[in-house]
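S.K.: Using the sequences plus the hints, can you model the full thing?
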Amino acid sequence: MRYIGHTPFQVKEMMKTLGISEIDELFADIPEEVKLKGDLDLPLSLNEVELKREILNLARDNKAGEYINFMGAGAYDHYVPAVVKALVGRSEFYTSYTPYQPERSQGTLAAIFEYQTMIANLTGMDVVNASVYDGASSLAEAVLMACDIKRKNRVVISGAVHPEYVETARTYGFGYNKDIAVVPYTESLETDWDKIDDMVDGSTAAIVVSMPNFFGVLEDVKRARDIAKEKNVMFIVVANPISLGLLRPPGEYGADIVVGEGQPLGNALNFGGPYLGFMATKSEYVRRMPGRIVGETVDAEGKRAFVLTLQAREQHIRREKATSNICSNEALNALAATIYMAYLGKKGLKDVAYHSHIKARYFIDEVKKSGRAHIVNHRVFNEVVVEVDNLEQKYREALEQKILPGIRLSRFFPEEENRLLVAFTEKRSKHEIDFLLKALGVK
Amino acid sequence: MRYIGHTPFQVKEMMKTLGISEIDELFADIPEEVKLKGDLDLPLSLNEVELKREILNLARDNKAGEYINFMGAGAYDHYVPAVVKALVGRSEFYTSYTPYQPERSQGTLAAIFEYQTMIANLTGMDVVNASVYDGASSLAEAVLMACDIKRKNRVVISGAVHPEYVETARTYGFGYNKDIAVVPYTESLETDWDKIDDMVDGSTAAIVVSMPNFFGVLEDVKRARDIAKEKNVMFIVVANPISLGLLRPPGEYGADIVVGEGQPLGNALNFGGPYLGFMATKSEYVRRMPGRIVGETVDAEGKRAFVLTLQAREQHIRREKATSNICSNEALNALAATIYMAYLGKKGLKDVAYHSHIKARYFIDEVKKSGRAHIVNHRVFNEVVVEVDNLEQKYREALEQKILPGIRLSRFFPEEENRLLVAFTEKRSKHEIDFLLKALGVK
Amino acid sequence: KGTPLIFERSLPGREGFRLDDPDVPGVDLSETLGGEFLRQDLDLPEVSEVDVVRHYTKLSKMNFGVDDGFYPLGSCTMKYNPKINEEISALPHFTELHPYAPEELAQGTLRFMYEMQKFLCEITGMDYFTLQPAAGAHGELTGILIIKKYLEITGEKRNKIIVPDSSHGTNPATAKESGFEIVKVKSGKDGLVDIAELKKAVDEDVAALMLTNPNTLGLFEKAIPEISRILHEKGALLYYDGANLNAIMGIARPGDMGFDVVHVNLHKTFSTPHGGGGPGAGPVGVKAFLKDFLPKPIVEREGEKYFLNYDLPHSIGRMKAFYGNIGVVLKAYTYVRSLGARGLKEASEMAVLNANYLKKQVEDLFEVPVNAICKHEFVVSASNWKEKYGVRALDIAKRLLDYGFHPPTIYFPLIVEEALMIEPTETESKEALDAFAASLKRIYDEAQENPDLMQKTPHHMPVKRVDEVKAAREMKLKY
Amino acid sequence: KGTPLIFERSLPGREGFRLDDPDVPGVDLSETLGGEFLRQDLDLPEVSEVDVVRHYTKLSKMNFGVDDGFYPLGSCTMKYNPKINEEISALPHFTELHPYAPEELAQGTLRFMYEMQKFLCEITGMDYFTLQPAAGAHGELTGILIIKKYLEITGEKRNKIIVPDSSHGTNPATAKESGFEIVKVKSGKDGLVDIAELKKAVDEDVAALMLTNPNTLGLFEKAIPEISRILHEKGALLYYDGANLNAIMGIARPGDMGFDVVHVNLHKTFSTPHGGGGPGAGPVGVKAFLKDFLPKPIVEREGEKYFLNYDLPHSIGRMKAFYGNIGVVLKAYTYVRSLGARGLKEASEMAVLNANYLKKQVEDLFEVPVNAICKHEFVVSASNWKEKYGVRALDIAKRLLDYGFHPPTIYFPLIVEEALMIEPTETESKEALDAFAASLKRIYDEAQENPDLMQKTPHHMPVKRVDEVKAAREMKLKY
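Residue numbers (this note's numbering), protein chains in the order written: chain W, 1 to 443; chain S, 1 to 443; chain F, 1 to 479; chain C, 1 to 479.
You may find that some hints are simply not true.
Covered by chain W, per the in silico footprint, the following chain C stretches (three or more residues, Cβ under 8 Å) [claimed, not checked]:
{"no.": "1", "region": "32-39"}
{"no.": "2", "region": "66-77"}
{"no.": "3", "region": "222-229"}
{"no.": "4", "region": "313-320"}
{"no.": "5", "region": "392-406"}
Just so you know, the hints here were simulated from the structure itself, not pulled from any lab data.
C-beta atoms are modelled at their ideal positions from N, C-alpha and C, and glycine is treated no differently.
M.R.: Laid out in structure tokens, this is it:
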């Protein structure tokens with residue numbers, strides 16, 4: 001288990017070539033005072049047999065896998081097709097580096113170009129980068145980008161955007177000395193447009209709205225667009241890519257930058273990562289966009305080829321003048337998303353969106369029929385906020401029945417007691433939803 | 001989920017090209033009286049999401065996976081390294097056919113050549129075929145081969161050979177009208193050499209012995225060789241390939257044909273298949289050997305290349321005069337075995353054999369120390385027969401503690417009550433063995 | 001240097017996998033095993049993990065699979081192998097199951113085995129199935145042994161088996177391995193069994209006829225009702241070689257045609273991958289009167305419980321240890337569950353459409369032994385190429401490699417000179433068929449313009465034309 | 001035609017994946033969602049499953065990974081990615097875990113996260129770690145924001161960050177993104193930070209020095225104790241860029257050198273694959289006085305229970321949603337568990353041995369900016385090639401592709417003209433190093449004999465030399 005290519009004899013030969021008799025001589029330039037005395041204090045090395053046994057034991061402590069999962073809030077249990085896993089698992093993809101040598105990296109480059117195209121089509125935007133870290137950081141980058149374009153320092157964010165995205169934008173904003181203003185959401189769990197309108201002032205670069213929002217609700221994006229237009233600020237939309245199988249592309253309703261979490265597109269839950277942030281904008285802003293971009297060109301024989309382009313925006317060329325410090329992104333996750341979108345295609349992505357939606361609708365209808373709980377939000381895509389008496393008790397009971405019934409909103413908003421955010425995907429069967437309804441005392 | 005490449009429009013185009021208006025016209029040559037009326041009665045098709053859910057539910061009915069496994073008897077729970085699975089999973093290997101076009105199949109051909117070499121080295125024989133179905137059928141083929149070579153119709157098999165191998169040899173023998181004589185094993189679970197000696201007569205082509213035998217015991221192979229030599233019959237050895245990490249190669253003690261089950265070399269248990277039978281013999285018998293063989297040659301530029309050779313033995317050339325009817329073999333399992341042997345190498349295979357052996361020895365020593373059960377066999381490699389009072393009850397109790405304590409010999413030999421065949425591999429930890437000892441009331 | 005071998009990366013002392021420090025006491029092997037049993041040396045490679053990974057990754061790229069492109073290998077049904085089948089069959093619940101695990105702990109596997117037996121009965125029109133045979137030829141042997149055992153029990157002395165001259169080589173080889181004498185019947189000009197010849201051949205010594213339907217020319221033996229009558233009237237049985245079942249799923253069933261014993265190839269018809277030559281799976285189905293002759297055990301059901309039934313009084317015994325290539329069966333099971341009745345029928349329909357369409361595209365280039373609607377495959381002859389340009393089927397095959405295709409089966413069936421046997425399967429798109437046809441046309445032009453060049457093909461493969469004669473002559477069979 | 005795209009396989013009505021017949025009632029979308037919200041058209045490919053499989057299989061073969069061969073990309077530590085890490089991280093227990101799953105149901109993942117935090121503390125000599133940053137640059141940003149927040153809380157006004165001129169581009173970009181002013185210090189002739197220059201640069205406005213050690217020339221900054229004193233005396237902090245940690249595991253620790261904040265690259269030092277550009281993971285470690293500034297949450301332990309601790313009073317907030325690239329962390333965790341303390345040290349020792357050995361083999365061909373023992377990588381300059389033959393580092397890189405190698409990093413660090421930055425890593429064998437050196441020698445001969453030809457390299461790749469200028473000029477960024 002050492003992953004060393006040499007034989008002991010070769011090591012000796014090489015040392016001889018170098019004229020040394022101890023490996024330590026190669027570290028003679030490290031001052032004694034900073035050299036480690038003794039060994040690192042780490043668990044003993046394990047051979048592969050022991051390692052597998054040990055980690056399987058550890059894995060079994062993750063009991064959640066046996067549960068029926070109704071959790072969403074930014075990470076969704078959509079089905080990951082076998083094809084996606086099989087192809088992403090080809091070592092030529094996953095053991096390669098950033099495609100700096102285009103002649104030997106056309107696989108990665110073409111896939112990114114396809115990704116850019118598909119995300120552009122999905123969002124209705126002109127240009128797309130090769131991915132950033134995740135949905136939250138894609139929003140943070142968009143906020144910085146808008147401030148840079150507008151040369152202003154303030155962004156107004158709807159409080160119905162995922163709270164961890166808001167927090168991430170704040171943290172990035174702290175770095176760049178940007179002011180992130182958050183407008184509390186309304187009782188119906190929507191953006192408070194009047195307040196947004198109030199808060200957009202002359203120092204504001206952009207407004208941010210999520211579609212659907214954190215609570216699953218479709219926002220009044222026309223109102224958002226009107227405010228942005230009127231106040232001459234940029235209009236940033238955080239979108240759920242699966243929902244775009246059914247919903248109008250933000251480009252059609254005037255978004256300037258569209259960002260979001262790409263995990264639902266063929267990436268596993270993985271306790272929150274690795275995921276991928278997608279980022280799309282209008283052509284005019286391409287040079288202000290962070291991250292890698294692939295462009296089409298030709299090779300010396302005039303044949304089509306792809307290459308990283310517009311690198312003058314990036315840190316390895318431009319250093320402190322770069323649009324962002326990002327270097328590694330989430331290429332393999334973007335590849336998974338690309339293969340997922342290609343495989344599902346026009347019809348399949350609509351199917352997945354539609355099935356997710358009608359499962360949510362079935363839940364809503366059953367709850368309404370029963371009258372034993374209260375649906376708080378309206379016009380939802382695939383997430384429902386349900387208010388249930390004695391939620392804590394029912395939540396515990398659901399867990400005992402091996403159901404993860406959703407996420408208690410009090411996790412994020414302590415005042416939202418007894419409210420549960422329940423997510424639906426095409427994976428949840430009617431049978432499972434009925435099971436949930438029973439556990440919540442609704443059926 | 002249809003796995004059809006066309007669009008509906010293309011289907012119409014193609015039908016037009018053929019001048020037909022209904023697909024049925026393509027089946028006009030099938031007489032109405034044999035045409036199926038109506039649809040096949042099969043479960044409704046499932047999309048991939050439903051399928052995965054359905055099969056996962058079915059999979060969970062296989063509870064045995066959660067149990068600590070001490071079962072052997074021809075199928076062993078050795079560790080399958082991640083490397084083996086990753087490489088065998090490359091689609092160029094598993095979605096290809098038999099390497100009939102050598103110029104585009106050098107991958108498979110080279111791997112088989114490596115396999116032949118490694119099995120030859122492991123067994124101490126000259127030539128090896130590309131695999132047959134499994135250990136049992138490899139023995140059956142060896143029996144037929146020996147009869148063919150010796151032009152005789154009788155084979156004497158030790159009763160300490162795996163009973164299902166014996167049964168398979170009998171079935172094949174029934175086809176070819178061969179007489180399979182089985183000699184009951186002794187009280188110490190070994191071959192009864194005197195009886196074997198008695199039973200070998202002028203019509204006998206070969207004797208068969210298993211090393212180690214079905215009960216885990218190392219047989220007196222010198223005695224076997226002496227009988228074979230004296231009576232001028234062929235000496236067939238059924239070998240466990242992992243044991244050959246420590247044990248003398250059968251070629252060294254005079255075997256004419258060595259066969260066995262290759263599953264322990266990097267193949268999963270899979271409820272009994274797919275496995276691979278290996279088959280090795282002396283150079284002089286190569287043209288009598290069934291199955292594919294790869295040979296080294298050169299290409300038109302004189303560079304080394306590999307190709308299926310000696311095909312004149314095979315059914316697709318020689319039809320009824322072939323050495324066997326075998327066509328498909330277990331190429332992918334042989335590839336797994338090849339990668340396994342390459343990866344473990346000289347040292348690793350010894351390690352696995354040694355660890356398996358000392359775990360068995362630990363069990364034996366603990367049983368002997370306790371005096372609460374009786375070890376029936378001696379000089380074992382990795383399988384132990386232990387006699388335990390009230391075995392049935394203890395067996396049930398062990399199952400309740402999620403231990404598969406081994407295989408009751410009464411499954412094969414009703415008279416062997418209260419005797420358990422327990423197998424050890426490098427995967428079983430001391431902790432797990434102690435757990436078993438407790439469950440059996442020994443510790 | 002040519003194709004690499006792992007041995008060339010080996011160096012003494014290099015290590016990949018190793019185990020050290022066991023958690024139980026070590027032993028003196030000469031004590032526990034006895035010195036005379038110990039081996040002195042073990043000549044296996046000594047390589048690192050990265051060596052192994054790079055070597056076999058490299059070898060894989062010297063191969064061509066269905067995932068790489070069109071693979072119209074006639075008689076082999078090289079259809080696409082769905083990835084979900086691979087994912088499911090790799091689940092540890094299945095892979096880590098010991099064959100002797102208590103039945104109550106193996107109900108999942110026993111259930112799909114039971115259901116697969118039922119599915120195969122329904123698809124083929126038979127009454128009982130065994131999953132034990134590991135491949136098509138293994139299934140044939142099983143089937144013929146069942147017939148032999150049946151004759152033994154019924155006390156009939158029949159020692160002949162009839163095979164058409166277009167049959168797979170496994171048919172006569174199997175019949176021989178089962179101790180029968182082979183009687184060959186010729187095909188007529190229409191490529192079908194010559195009924196008059198058949199009648200002549202059938203007498204009281206005939207145990208069975210082995211038939212592939214559609215046959216290896218891709219033609220449906222439409223006289224099958226009559227063939228069945230001829231055989232059965234004389235007390236002989238009908239054996240169905242299922243290699244070509246992909247043409248007729250949901251359309252016609254061997255059982256309804258009068259076949260008494262069938263084998264099916266899960267690695268052809270049911271989409272499981274061929275693995276570079278195996279593993280396959282060749283389940284065998286029989287009519288009810290032969291149930292007791294099946295190899296032991298088969299899976300049965302009692303209430304909600306599935307179990308292995310060893311109670312088959314006339315069983316031929318067993319064809320291998322354990323129960324068959326169950327991992328392969330599972331892939332075929334997921335395939336049937338994915339497609340259902342309609343999907344299977346559609347697969348056959350599209351397979352036949354593709355074959356007829358492709359035939360139409362290329363038939364002008366060749367001689368066509370029988371011009372009729374074909375089923376899932378068709379055979380053309382390059383004897384016109386050979387006569388005119390000295391270009392053989394083999395040369396065409398090698399040149400197709402250069403164009404990115406796997407070539408068809410060549411020189412089979414034996415009754416067609418310079419045969420190319422082309423089976424596109426249903427999973428290929430029209431574009432793939434058109435591209436293949438276009439390449440054949442281009443090769444035809446090349447053959448006309450520069451026939452000598454053809455013998456030097458392929459040009460763009462990992463190795464050039466391989467010297468098969470030298471291999472057979474020198475017999476270098478290990479490193 | 002060049003590199004293929006999936007769109008070219010698309011045809012209206014072709015299907016890969018589909019769902020039909022939901023098990024709940026359908027709805028009228030214009031009612032449930034509102035007509036104005038619905039999209040008219042969705043322009044995505046329409047392809048079959050086999051199309052998808054063949055296309056991406058084909059694309060994969062136009063790539064080059066560590067599994068394909070030597071990949072000495074300096075600064076990127078392209079070591080072998082163990083397969084067991086991939087197998088373990090694909091276990092559904094881990095992959096199917098929702099980030100908001102109740103902690104009591106996620107103890108396995110929380111445990112390895114906790115232990116990994118501890119391991120990284122031990123390996124780097126720091127006190128606390130966050131796993132949240134998704135990549136190296138993300139870690140840098142985290143680290144510098146921690147310093148910024150620390151200064152805010154302590155009320156110090158320091159607005160400058162010092163970076164050496166040999167630093168990674170991410171360093172100045174990060175400092176800028178955090179609102180700092182960048183001060184560059186020059187390297188001396190020995191390739192190390194010029195201490196006199198540094199002293200001049202350090203004043204009361206300096207918040208921190210960002211340093212890679214060994215630096216990007218592969219040289220250990222041996223004055224690090226003094227550097228640390230200089231900074232700390234003026235109240236500034238030391239930031240460690242962990243890109244080169246692979247040189248010193250178990251040998252020296254940034255924490256012991258005086259660094260206050262470090263990031264590590266799990267996808268470099270800890271063997272997780274780079275995935276064609278990501279995902280990485282860039283955990284950040286701090287000395288105890290900075291714990292409360294870490295992003296939220298970190299994993300802590302109480303008795304046998306692991307939990308997410310959000311109670312970090314001065315936390316900078318969060319760098320992303322959830323907790324980091326946990327799937328990547330798991331691979332790194334298995335790596336550390338596989339190697340243990342000895343194995344990690346051995347990895348660093350062999351990485352350094354390999355770099356020095358390879359340097360010795362090739363240094364005569366190039367100009368060597370600093371001739372000293374290197375650590376895990378070294379930099380040579382091809383300016384002699386350029387002068388004599390007009391052959392640039394770029395040409396050498398392209399030609400190396402033809403010889404089956406991935407080229408080294410070129411044109412970095414910026415302080416070396418025509419730089420080639422070569423990092424062999426410990427997982428390469430002597431044979432690989434010798435073969436690479438031999439190829440460089442051969443290329444040198446070629447450059448002498450036929451320099452013009454070099455600009456036409458590579459010859460044997462899926463595409464010829466790619467026109468980067470045209471791409472930037474025409475900006476065709478989607479299909």
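S.K.: None of the hints should be skipped; say for each whether it holds.
M.R.: Cross-check of the supplied hints:
Counting residues of the region 32-39 of chain C whose CB lies closer than 8 Å to any CB of chain W gives 7, so the stated coverage by that chain holds, three being the minimum. Counting residues of the region 66-77 of chain C whose C-beta sits closer than 8 Å to any C-beta of chain W gives 6, which meets the bar of three, so the coverage hint holds. Against chain W, the region 222-229 of chain C contributes 3 residues with a C-beta closer than 8 Å to a partner C-beta. That satisfies the three-residue criterion, and the hint holds. Taking a C-beta to C-beta cut-off of 8 Å, the region 313-320 of chain C contributes 5 residues in contact with chain W, enough for the three needed, and the coverage statement holds.
Only residues whose beta carbon comes within less than 8 Å of a beta carbon in chain W count, and the region 392-406 of chain C has 4; three or more means the coverage holds.
Going down the numbered hints, you'll see the structure goes against none, and every one checks out.
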